[in-house]
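With the hints as your guide, set chains G and P onto chain C.
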Amino acid sequence: MLFPENREQVEAIVAKAREEGKALVPLSSGAPHLHGASVNPQAETICFSRMDAIMKIDRRNRYARVEAGVTFERLIPALAEAGMRLNAPFLPRASKSVVASMLEREAVVVPKYQYDYTDPLLNVEVVCGSGELFRTGSAAGPGPIEELKADMCLPWGPGSIDFLRFFTGAQGTMGLVTWATLKTEILPSLSNLYFIPADMAEPLVTLANGLLLNRVVDDCVILNRVNFAAAFADSAQEESDLAVKIPEWVMLCRICGFERYPEERIAVYEEMLLDACAKAGLSALRELPDCDGLAGKVNTMLGDCDRRETYWKLRRGGEREIDFLAPPSKTPALVDILCGLEGKCGGDLGITIQPQVQGRAYRLEANVFFDGSAPELPEQVLADILPELHGNGAFFDRPYGAMARLVYRDPVSTEALRKLKAIYDPDGILNPGKLCFTGR
Amino acid sequence: MDKLSDLRFTMESCNHCGQCKWIMPAKMHGWDFSEMCPIHAFYHFDAYSGQGLLNIAWERLDGKLEYGDGLEDLIYSCTACGACDACCKVVRDMEVLDTIYALRADCAEHGTLPASLLETAEKVQTSHNIYGLPHAERFAWLPEDFEDDPDADTALFVGCSAYRQPEIALSAIRILKAGGVRFKLLREDEWCCGASLWRAGMVREAGELIRRNVETFRAHGIKTVITACAECFGSFRNGYPRFVETDYETLHISQVAAQLLEDGKLHLRQAEPLVVTYHDPCMLGRLSEKYVHWQGEIRAYGLHVPEKQWRRGEHGVYDAPRKILEAIPGVTLREMVRNKECNFCCGAPSAATDPELARWTGEERRREAAATGAETIVSACPFCREALDGDSGPDCVDLCVLLARRLCEEDVQ
Amino acid sequence: MRIAEHIYREFAAVVGERYISDKEYILAGDRAKTPEYPMEYHSADIIVLPASTQEVVEIVKLCNKHKLSFIPFMTGALPYAYPNRDGTVIIHLKRMNRILEIDETDRYTVIEAGVRHIQLYPELRKRGLCYPPAAVGPGGSVLANMTSTDGSNHVQHGFSRANRYLLGAEVVTPEGEVLRVGSLQGDAGWFCPDGPGPSLRGIIKGYSGTHGQFGVITKIAVGLSAANGPAEIRSEGISPNHKVYMDHPYSRAYVFNYPHIQNVCDAMLALGEAEVCSTVQKYFYLPLTLMMTNSANEFWEKWEGGYKDTMNMPLVIHIAARTQKEFEYEEKILFEVAAETGGERLPPELENWWNEHMDYFMLVNRLQSVLRLGGGWMPNKIGADSVQHMCDVAEAMGEYIHEYTDTGKIFNAPESYQIIPMEYGHFAHIEVLFMWDRCKPGVMKGVGEFRARSRQEDIDRHFHSETPGSLMPATMDLGPLYSNYHLWLQRLKQSFDPNNVSNPMM
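Chains as they are written, first to last, in our numbering: chain C, 13 to 452; chain G, 1038 to 1450; chain P, 5 to 510.
Note that these hints are calculated values from the structure, not bench results.
Treat the hints loosely; a few may be bogus.
Examples of chain G residues lying across from chain P (beta carbon under 7 Å, computed) [said to hold, decoys possible]: (1) Gln1056; (2) Trp1068; (3) Leu1102; (4) Leu1111; (5) Asp1130; (6) Tyr1338.
A quick note: this is a predicted structure, and the numbers were derived from the prediction, not measured.
Note that CB positions come from ideal geometry on N, CA and C, so glycine has one too.
With the rest of the complex left out, here is chain C (with noise of 0.2 Å):
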């Protein structure tokens, strides 16, 4: 495994993986890789935990340049002391590197300020499989990045092309981004969170839909009963005990207040959701029943990562997962099917379901938990149910396995996938094998 410390090493890294015809496979973070990372046998690992400066954080404009080894634990205090906040996944892994998060598109808590897909990814330099350096949008120029005056925050370009999108979604088989700009957003000054509770995930999608339309709440999710009580549970009792108090479906979500009048503006926006709440026959609550304690802890960690000793979603010791872009009206189907795995995978199910690109799409998420010592979950039973998801209008946007062979079946578009990857990574040497490009 190699462990760059810059851009300049880096580039050698590329040049001499060119020469000798060696594949190359990314990694930012440290174990364990889910999404579908792996370790090819094959091919010499490129890690990029040493790259982990924080480069800029601009509280005027709101953005902060990190190198791709950026965790989520460095970031968000980084961040918090500047009075700023990252629109992060919900719960993040702690050591999980931001960059790659960002760059696999990976759902974020506040759907409001995310105006595409590719929020809060603003722009990357980034060395392509050809070797050269390339750097997005407002960071591209004129001339050295030493000298550019530009704040570089502007994610589109340069000219007629929208480059990052090439990076996006790639698993680093187009280049390997050495540093990123991020929108950042101002650290509320206040804030209100509501429990919205549900026997069905349906009306809660509508809520969010209709929340997310009118830009009402800020931090938004739908967690069901199994995944709910094992983000905000601390160990495996606590867990179990949770479990039996809570609805089977509960949304997360805050009003926040900022620097001006937070009271009044927590006070406007929650008139609106109430208003909401009560034509959809749903209550916003402060606090859950028998959950004494759990609001202040659940404000805090929606903010946050997950800075426990065991990542939530590994806690039982094994967790597999299929996640999926889905459009609102398909939404409730889709969770029905993903609520057929249960019971068929040896595991408890959890679904999360995260409103994006306000409220316009929502990412599924389906985690399944299983004993780390138990045999490997059935492959079989996921395959299966990936063609009745996609059949139903799921959209596998980040394809791993299975998924890849279910989406790449366009000829055309799979097609130009390949020009591109030919531009970029001419030879090959770049995470060969993934998505709908051949391996080595």
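Leaving out everything else, chains G and P in the frame of chain C:
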């Protein structure tokens, strides 16, 4: 009439923004009924539009395009409805329609007029009407007992349409009589207004006729000309001043009737409820603004010295017809999307030169009228009325006729 | 006939005789007439008007077969829309003008290329939805606007740019295949522009547009947001004196004039941080005066009569709230920020113009008035980065623009630039809309000098104030300064358009 060379500033100013083809934003409604230019909506090529005709005019001016091969057909497929002009002028200082007129004059000058227009011109010259019917029959429809006021300085100009739709002229007479208006008819001295000549670019022929007509008004001591035809109305106000100094006032019968109603001089009877929509004739609306010739210098950044009086469609006759409709008991007015200065042409002006386009345009307008739920389309121009009459859907009636039918009998006596 | 008859016949067989022409006078309708742009224009050889994606596919394949280049064409307001070589087919997409779908739940609409803003916007508004129409005027094609312009707009403070709203897309590739982008590629509908995996959406639209260099975009999905205010718009009056109202108790426009751009910067950032107001824009006073007047002469009267001094640094605000409480909250912060940053509210007779012309906020209407002075205009810079950086670019311009404005080389309006924040102040774009007297002999020399100076100043100062465009001369020149952008563009072009037939500007 301006020549192409007078309009170079306009040609060079166009940047293809597309405003000439689309409804003004203030009237935004939705996907349907948003196109403004009949020829563009029908043929789709940009050449068939105000913008395209400006390009063509520019290339003609610079000697880059020749007639023959169909260019003249394109130029005369245009209904010259002025939608492009009004829409453009919301935001620009350009003379789109005048450029189209100048292009037509250029075409006429090169002797490449479509045969149908030459025939019309011939009819106007020999019979003084556009149909080539005997001049002696122009007032054949007039009741024998009709008496006008030989001393009146107001004339009712009935127009060529009286040959085919005399009920409009008769209705106008009934309204004026009922309202106590003193007026006279010019009878054998009334010739065609010349709209079909000047709007077709036949400058010489139009000029002769217009000068003759103005002299006739003067000879009869006419100070006010009332017309029930939008073509005549628009010609007197907008066309004649291009050729000759005018010293008469022109009123449309709708303006006179609206005033009579306001003054309590007309009384209307109750009748069955009727849902109508009103079609603004181009020549009564946006094309009826008085033409004031401008000659001067266009200085840096478009400054016109002396100041130019622009015609942007603002001062057309829009309210009077609506006031009348609102005053008629039982009548409910429902507006079409494209109304007032944003009206969509009926297609009639191209009936001779491009009958297929004219038919389509009329049908398109009828479709829009039907979408309002109206039973009847009301117009204030005999040519529009004819063009908008269809076999199914709403019928079309002239405003004058509708009003006259609803007059109380005692007033008509 | 510019092309061989048998080739013409092949195209005619695709679209039908009615929808093809090689007549000179038809071609003239789509010949470029923009002498102010320093480009060499050619006439198209034929114009075709396809009615379907399949027809586009067949046309594109014929172009490849006969080595004819093609340009997808809509309004023709941009110079890139015109042939720059002989042997070009204009593919006019106006007949493909259907709104295919408006999905109110999933908040997107699917449209063909020929749908105009004036058609789509009110259809959406009836449903309480909208999108940010860019500043091209009501007759502009929504698809062309979303894909081939920079997509800046006047509500981007809250909405962001058109880029964010361009979802799934159907593209006929330069070789004539139908490429489906985003979730369409994964058979999952139109809602998502990205994936599976790396996003082909990147080829369709960057900061600026590709102007048909990568095929013909035939359909797109546009993401939708809530339209605060009434579904129906009320208008009064007759053109050109229309008044368009947003009849809503919580909708109101405000204009503050500022002493300096850095004060404006502070205000824009403060309003962004508080996430209030739906429109915040530092507007350009020259176009503003043009929009507020009905003729060039009236413009001159008002301009010289005080407008250029009264509102030389205007910050235009629109609040579109949903409740009384929200309106009061936003207004309170607005007034507080204005007071803190030195904004002076314009007198009601000037400010009210905005409240009576709400079509501006909806369709960017009346902006075409900037052309009223008779041509000779050009947007300059048109770059974007942080709000602060854009304001720094603007401030620096004051150090050299006077050499051109004071000497009459360009219109004397040195502060006529606009800066509009996006996404509540996360970034902003700048546009310097400058004009010149096109009737003045030799004027283009000064214009060229100003443009070159403006660009060089920014390069020397290391400002990201513009982005290299699509035109190869400009790209070649700037590419090395912008991460060798031009090399990547070339490679993409060569790979996706091996016959170099799709609007071959490079």
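For each hint, the structure was consulted:
no.: 1; hint: Gln1056; result: holds (5 Å)
no.: 2; hint: Trp1068; result: holds (4 Å)
no.: 3; hint: Leu1102; result: holds (6 Å)
no.: 4; hint: Leu1111; result: holds (6 Å)
no.: 5; hint: Asp1130; result: holds (5 Å)
no.: 6; hint: Tyr1338; result: holds (4 Å)
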